[in-house]
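Listed below are the residues making up each chain.
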Amino acid sequence: MSHGTSPDAAASLADAEVRALLELRAERLRRPRPAPDDDRLLWAAEFPIGDERYAIPLDSLRAAVPLRMVTPVPLSPPHLIGILRFQGQVVSALSLSALLGGRGWRDDPAVLLVVDPGIGRLIALDCEQIPKPVALPLGAVESARAQSMGPSVGLTLPSGARLHLLELRRLIGRMAHAGQP
Amino acid sequence: MSDPVRDPELDPLLAQLLAGFVDEAEEIAARLTLHLLELERRGGGRAFDDLARGLHTLKGSAATLGLDALSQLAHRMEDALLPLRGRSGPLPGPIADALLRSLDAFLAQLRHLAGRAAEGRDLAAAHELLAQAEQAVASAPVEPVRTDVAWRAHALRPRESPRAEPARPRAEPLAEPRAEPGRVRAQQEITPAPRPLAEPAPLAEAPRAKLSEPPAPGSEPPAPRGFDPEAPRSSEDGWRVGAAQVTGLLQEAERLRELRLRIDERRREVDRALALLNQLGPRPETAEARSQLITSSRALGADSEEAADVLASLEEGLKSITTLPIRTVLEPLRRAVRDLCRAQGKEARLAVVGAEVSLDRRVLEGLRAPLLHLVRNAVDHGLELPAAREAAGKHREGAITVRVEQQGNMLFLEIADDGRGLDVTAIRAAALQRGIATEAELAQLNDAQLQQLIFRPNLTTRTEVTQLSGRGVGLDVARTQLLALRGQIEAQSVPGQGTRFLLTLPADLGSSPVLVLRVGEQQFGLPMAAIESSCAARARDLRAGHGRMQLVHREQLIPLHDLGALLGLRQPATPADGAPLLILLRNGLRIGLAVDEVVGDKELFIRALPPEVRELATWQGAATLARGELVLVLRPDWIGQAIAEGPRAAAAGKRALVVDDSLTARAIHRSALESGGWSVHTAASGEQALEQLRASGAARYDVLVADIGMVPMDGLALTRAIRQSPAGRALPIILVSALDGEADRARGEASGADSFLSKRDCASGRLLHEVTAVLARRKGSA
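Chains A and B, in that order, are what the protein sequence lines are.
The first sequence runs 3 to 183 under the numbering used here.
The second sequence runs 21 to 802 under the numbering used here.
Since the hints were made in silico from the structure, they are not lab data.
Fair warning: this is a prediction, and the values are worked out from it, not measured in the lab.
Think of the CB as a built atom: it goes at the ideal place given N, C-alpha and C, for glycine as much as any other residue.
Mixed in with the good hints, there may be bad ones.
[Stated by the list, open to error] Pair by pair, the computed Cβ-Cβ distance ranges are:
no. : chain 1 : residue 1 : chain 2 : residue 2 : range
1   : A       : R164      : B       : P302      : 48 to 54 angstroms
2   : B       : Q661      : A       : G122      : 46 to 52 angstroms
3   : A       : R164      : B       : R310      : 46 to 52 angstroms
4   : B       : F432      : A       : G122      : 23 to 29 angstroms
5   : B       : R634      : A       : T158      : 39 to 45 angstroms
6   : A       : R123      : B       : G365      : 27 to 33 angstroms
7   : B       : V373      : A       : R123      : 32 to 38 angstroms
8   : A       : R123      : B       : T792      : 49 to 55 angstroms
9   : A       : R147      : B       : R634      : 26 to 32 angstroms
10  : A       : A137      : B       : T792      : 44 to 50 angstroms
11  : B       : R610      : A       : R147      : 58 to 64 angstroms
12  : B       : R714      : A       : A137      : 40 to 46 angstroms
13  : B       : G268      : A       : D61       : 46 to 52 angstroms
14  : B       : P302      : A       : A137      : 48 to 54 angstroms
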C-alpha cells in the first residue's frame, strides 16, 4: 500500500512546511533585537599624561585645537595656561597636569581639548596627544563612580590596563573651591 | 522759539540729536497714548505712573535740546495730569482728550522743527485746550466711563479737515496762555463744561469736534498709538532690522574670523610641507611639488589677507549700525547744566570722563533720559547757590562729574556733584508724609538705606512744584529706565560734600578706545581714558636710585615703573633711550609707565573674561584684534595698586627665570617653584631669555631653568651664550629635556649647565629639590 498521499497532497504539505518555515523566520525577524553592545558602553576620549592614561566622556569633547592659540595671562594662578577664543567665547585653558597635582608629562602638550564640563560654559584642557576614542564598559564605570568622589575615577579595563576617567565637573569644582589645584 | 534745524550755526551733532529725539518722542507718545486710553477706560496706578514718567521724559529731553516751547507744553500736560494721581476711577474724558491732542501737537511741532513736516502747530492752542479740560473736570469731577471707540478715533486724528457742526455749542475764544508755565497756577475759576475749542487757532486746524461728543459715524479708524501716518519720513530712513538679525550677523563675523585663522593654519601646514621637501635638497622629482606648494602658500596668504579686509569692513559696518559714542548722550548735558544754572542763578561745570566709550544704541537711547534727570537733579537739588558755596568754603562754581567706564560686558556710570548732599531728615519726613513708609519701617533704615528712598515714586523733599522738580517723578523715571535696561542705580551721599549716583548696567555690545602696547613678546591693552600723554624716554630725564625710577615730566619728578615688572614678567629695567613712556593720571597723581612698544590706539569691544581670570584685579577684559588674537586689557586701577604694593619680584626673596617654549611646561615649572617661595619670571624662547638677562642683568636671578628642545636657540646654545659673561657664569642653570638618556645628560653638562632633569623628573616634584641642591653645591664650591 502506498502511503496514501497523492503528489498533490505531498506538494501541499511541502508548501505548508515552507510556509511554516517562512513564518518562523518572519516571526524571528519581528522579534525585538537584543540591545546592541554600544548601549552598555561609555565612549570616551583617551590620552596620556606622563605614564598614565586618562579619558574624558566623548560627549563632553567639543574640539581639539592647537595649543599655540592660547594667550598667556600674567599674574594668573599656575594651573591657568591662558585664554583662547573659541566660537566667539573667551575660554580658559587649564593645565590638566597641574590640576591633577603634577602627575608628570612626557611630551610638551601641543593640543587643547575644548570640553563642556556641564557648568554652563566651555573650558580647554591641555593634552600631550590628540585623544583616541575608547569604549569603556558602562557597568564598570558606574561601579567605579559610585566608589569615588574625586576628580578622576580609576578603571581597570578588560585588557587589564588602568585608566583614569576624569569627572570634569568635579575637577572644575575642586579648582574653584580651592582657588588652585 | 528758534528753529534749531535751520539755524546756520547748528552743529551736525545737534541735528542728529534732534532727529533722534523725534524717533524717541514718537515711541514715547505711542506708549502714552495706549496708557491714556486704558486710563480713560479703567483707570490704574501703574499706567498713570508710566504716563507721568513719559511726560517728564519728553519735558526733559525737549529742554535739553533747547526746545523750550515743547518742554513747557509737556510740563503743562503734567500739570493737568498729576493732580489726578490717586483719584479712583477712570481718567476724566476731557483730560484724556486734551492730553492726547496735546501730544499730537507736541509731535507735529517737533516733526516740523526737525524738518520732517512742512507745517507746525501753534502750541498755545494746546495750552488752552488743557486749561479748558481742567475747568471741565473741576466742574464735574467724576467723568462717566467712556467706551466709545469711534469717539476716541476722532480725537486721535491730528489733521482731520474741519467739520461743520452748527447744532453743537461753539467754542468761546480762549484765554492767552499762562505767563508762567513753569509754576503750578492757582486753581482757576470753575466754569460750565464743556467749553468748545477756539476758532481756527493752529491747533484747531485739527479736530473741531467737541470734547464731549463723538465724531460722525463712518469716521476713519484711529491712527495707532499717536503715530501720525501723514508725517513725512526722512528720505534717509532705512530698514527696520531686529536685534536678533544683527546679533546673527555679529556671530557670522566671528565665524569669518575663525575661518581666517584656519586659512592661516593651512598656510603654515603648507609651509611646513615645503620645509620638509627643502630638507631633501633640490631634486628634480620634487621640483613640481615644491612649485605647487609655493603657489598654494602664496594663494592662501592672499586669501587670508582678503578675508581680513572683508572681516574688518564687516565689523566696522556692524559697529556703526549697532553702537554710538556715549558722548552723543553726554554732550547735550552741558547745555542742560548751563541753562539750568542760568535759570537758578547757580554756577557749575560739567566734566565728562570716558565719553569716547561706544555703546549699543539701544542702551544709549535708554540712558538718555536717566542721565538727563540725574544731571538736572544734581544742579537743582545738589548744588548750592554761589554765595552759599563760598560761605561753606567751597568754590563758587559747583562741579558735576560724569564718569563712564566699561569693564567686560558691564558699564559703570557715575554722576557726582560736590553740593550739599542728601538731607536724610527731609527724606524721612517726606517718606512719612507721602505714605511711602511708616514710622516703624523708617526706624529700621540706616542713612544709606534712607538715601535710596529718593528713587521711590512720589517722593520729593520739595514743598513747591517747579518746572524742574517737586513732583517726585524724575528719579523714579531714572530708576525705572535703568531697570528696563537690566541695570541698577544707587545713591551715595555725604552731607555737605555731595552726592554720587552709581549706575551699573550690562552692555553686551559696544567698544572702548584702547591703547595697544607690547611688553616682551605679548601685547596688552590699556584704556585710553587712563592715559594722559606719552613721550619717549631720554636718559637725561630719568633718575634711578634706591631701587626705584623717576621721570622728569613737565619739570616735576614723577614715579616711573616698568609694566613688564609690574606684571611679573621680568625684572625692572631702565628704559632705553627712545623707549615709549606713558603718563597715567590716577586719583590726581601722575605715574610714568615704561613699555616696549606702543602698537597703536584701537576701538575695541572688551569682552568679559572667564571666571578663572575674572577674579584677578589686573585685567578688565579681553579684546580681539583684527588678526584674531586676544589681547588682555589692563584695569587702570590695578596699576596704582600694584605700584603701592611694589613689584612682585622685589617682594620675593629668590628669583628664577624659566625658559621654555611650551606654555604648559612654563606653567608647571612656575607652579613648582612658586610653591617653594620662588618668584618666577618666564621666557618663551632662548632669545627672549637672553634679552631679559641683558636688560635686567643675570645677577638679578638666582637660578635659570631652561628647556633643551627649543627652536631656533635650544637650551644648550642658551647656556653657552650665558656662560660667556662673568655674571652669566655665576648664574646656576638647570637644563630640562623630554629625553633622559646618558648622552643627553652629558651634552647638557658639557654646555656648562649645573644640572640636568627630565621633564618626568620635574613633574614628579624633583625640580624644587634639584634647584635647592644646585644652589647648595654652588654655595659649597664658593
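Going back to the hint list, which numbers does this structure go against? 2, 6, 8, 12, 13
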